[in-house]
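Each chain, letter by letter, is given below.
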Amino acid sequence: MSELIEKAIRDAFPDAVLESRDVFGVLNIKIDANALLGICEMLHGQKEFDYLADVTAIDWKDRIEVVYQLTALASNTKIALRVDLDEQKPEVNSLASVWKGANYQEREVFDLFGVKFTGHPDLRRILLPEDWEGFPLRKDYVIPD
Amino acid sequence: MSSRIRTDVIELNMGPQHPSTHGVLRLAIKIDGEVVVECDPDVGFLHRGIEKLAELRTYIQFIPITDRLDYLASMLQNQAYVGAIEKLGAIEVPERAEYIRVIMMELQRVASHLVFFGAMGLDLGATTPFLYAFREREDILDLFEMVCGARLTYNYFRPGGVSRDLPGGFYEKARAYIKKQREKLPEYDDLLTNNQIFIVRTRGVGYISGDDAVNYSMSGPSLRGSGVDYDVRKADPYSVYDKLDWRVAIRAEGDVQARFLCRCEEIRQSLNMVEQALDMIPEGELKCKTPPRLKLPEGEVYYHIESARGDLGVYLVSDGSDKPYRLRWRAPSFINLGAMNQMAQNWKIADVVAILGSLDVVLGEVDR
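Chains A and B supply the protein sequences, listed in that same order. Numbering-wise, the first sequence is residues 1 to 145 according to the working numbering. Numbering-wise, the second sequence is residues 1 to 368 according to the working numbering.
Same shape as in the complex, but just chain A (with noise of 0.2 Å):
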């Protein structure tokens, strides 16, 4: 099953693909960011990966991670997404117009990380303060006393 969906995404789209690997049994493909939501869309439409289970982020301090967890709930089939972007401005598509879930995490993963999520409806942090400086989880935030 895993393996189909890998050669539709290729089909779908050949240069985006950049690395697929088995995590625990989990499909995981790193994406080119700017092919993202056009696989997410193919992904809930044709392949039926109807629920986003988590957006979460890692820092890795040359570049940020963004990982999204995806299942089918018929056929209990998982595949992550996974897509590279700059540490210093790290954007990528929001995927709020595909799985309305995608609302909240993106806005924590912005809140905690910075990624910026263009096209997002309403992007504004979600657990810290308006007026908080600075993303807690990046590895080169200042713990204030």
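There are no misleading hints in this set.
Where chain B lies over chain A, by a calculated footprint (3+ residues, C-beta under 8 Å):
id : segment
1  : 20-30
2  : 54-63
3  : 70-83
4  : 126-139
To give an idea of the interface, some chain B residues facing chain A are shown, with a C-beta separation under 7 Å as derived from the structure:
id : residue
5  : N215
6  : G313
7  : G338
In case anyone wonders, no lab produced these hints; they're calculated from the structure. Glycine included, C-beta positions come from ideal geometry on N, C-alpha and C.
Using the hints, position chain B against chain A.
Leaving out everything else, chain B in the frame of chain A:
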């Protein structure tokens, strides 16, 4: 709205200090007369930066902090965290420990749903059911106290097992509790579930379709109340759930009452599971040997369980040291709250309390 009386949209502030927001949650509500136009949950008042705290502590030091996330279901938080460590570190858990964990987790689910049951009644103006539910919850807390010495924040699970064995007399006391709880459940139904006022206040209120609930990434009883058959215990069985005989509680209606009834049914199912686990539990080891300063191999894992509130995910990234490089807590309450605006729109201001109550959010988990 009637066109004869002109009304203005006004903003109403509910919380963060409000008895029926179940903690420090603020709802910024726009109302036209009594009708809700928009309901925007404002969260974060209890934010403690727990994901950042995890990066500054060793793996073992973080276990007590998981208790403070969803504090009404701490045993389940323990499992989500140690389960992720065990998956990444390929740590075997002895069978006896797995059964002890399932007994604890399902008793915890009952305790959590009892708080929900009581609070739901309280939200709608019925004080008595709350006292009944807390009376029985007390017995569960007594059992937990016997086992680990604590009544709310247990710190009981360890990577590879549990911290200590069940004490003498536990089985008898647990069985006595199950018997008592089963006898009391019809009483609960008489008081609240079949109460005419309660039915009118909940039936049809706060409807969300199954497709919308999935699109909002909702989970737990709040999703199953919309007819979606998704329970992590069945979808991706962990621990020894695949050896127990039980069924997933689902209701098709998608309203406040359906979400309420799902949790009532889950109480019954969980009692059955605890009873089975008490019969099946083998003798044996409690914990496999792990080094005192636990290190995990470089890598990452996404592990999830069914907590009392839904799909609780832990995303753990290790760089090979004794501290997590990154720990993500996918809190079901937080994500379920994302659908609040859609559910509350076009309902009366008094229904907002019922709708919020039916999501059963815990702010410790929402704000993290």
